[in-house]
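Peer 1: Based on the provided sequences and hints, a complete structural model is requested.
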Amino acid sequence: GENVEQHPSTLSVQEGDSAVIKCTYSDSASNYFPWYKQELGKRPQLIIDIRSNVGEKKDQRIAVTLNKTAKHFSLHITETQPEDSAVYFCAASTEDDKIIFGKGTRLHILP
Amino acid sequence: DTAVSQTPKYLVTQMGNDKSIKCEQNLGHDTMYWYKQDSKKFLKIMFSYNNKELIINETVPNRFSPKSPDKAHLNLHINSLELGDSAVYFCASSQELGLAGHNEQFFGPGTRLTVL
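Going down the list, the sequences are from chains X and C.
Heads up: the first sequence begins at 764 in the working numbering, then just goes up one per residue.
Heads up: the second sequence begins at 177 in the working numbering, then just goes up one per residue.
Careful, some of the hints might be misleading.
[To be verified] Pulled a few chain C residues facing chain X out of the computed Cβ check, cut under 7 Å: (1) Y186; (2) K217; (3) L219; (4) I232; (5) H278; (6) E280; (7) G286.
None of these hints come from the bench; they were simulated from the model.
Beta carbons: idealized from backbone N, C-alpha and C, even for Gly.
Peer 2: Spelled out as structure tokens, the structure:
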């Protein structure tokens, strides 16, 4: 079955710097890769997603890249702000129509 | 208006009890899910229903039984609760898979279950 690995588990960056979170997946049939942000005590919410027919997608300070050959995708956050502090989850679809989540990255934005 | 709602928000109970968590979505979605998030924040899918029909049933104990009275509701009933069931349970919903594949999942606020 699908296995989604996410790194790092914890990431601290200075406010204003960039943050990068990386994920790998194992199912070559995966074609949908969402990223969710979960603030403390809140529900996960979609921040960006990418489908397999696209290599990169950007939405303001957030971008996602996908390398289908290498089976990895990354989240890039530029000009980080205090409100970016949260747990971020990558996920990948599977051939049997599930969404499998990575184990999450706790991002701390340092003042 | 709340898109996906769950009740209760907190649930504290003794081992061996039976409890239910309710979920409702007003988005008109066809697919609903239950996830378990443990203390390490790992989000694991438990069940998925499409138009009231079970389509995914991960390896969870059969003490957990989902029930979908209609496509806007997916309730989770748990029998004989154990200490290891303590976690946050999230309900979610999404549009039915289309030609483009999966769609965004909208999560409920979560139910924090504590088994003593």
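Peer 1: Hint by hint, note whether the structure agrees.
Peer 2: A quick look at each hint next to the structure:
Given hint, Y186 (chain C) at the interface with chain X, is violated; its Cβ is 12 Å from that chain's nearest Cβ, farther than 7 Å. Checking K217 (chain C) against chain X: minimum C-beta separation of about 5 Å stays under 7 Å; hint holds. Given hint, L219 (chain C) at the interface with chain X, holds; its Cβ is 4 Å from that chain's nearest Cβ, closer than 7 Å. Because the smallest distance between the Cβ of I232 (chain C) and any Cβ of chain X comes to about 6 Å, under 7 Å, the interface hint for this residue holds.
A least Cβ separation of about 4 Å between H278 (chain C) and chain X falls short of the 7 Å threshold, and the interface hint therefore holds. Because the closest C-beta pair between E280 (chain C) and chain X is about 5 Å apart, less than 7 Å, the hint holds. Hint on G286 (chain C) holds. Least Cβ distance to chain X is approximately 6 Å, under the 7 Å limit.
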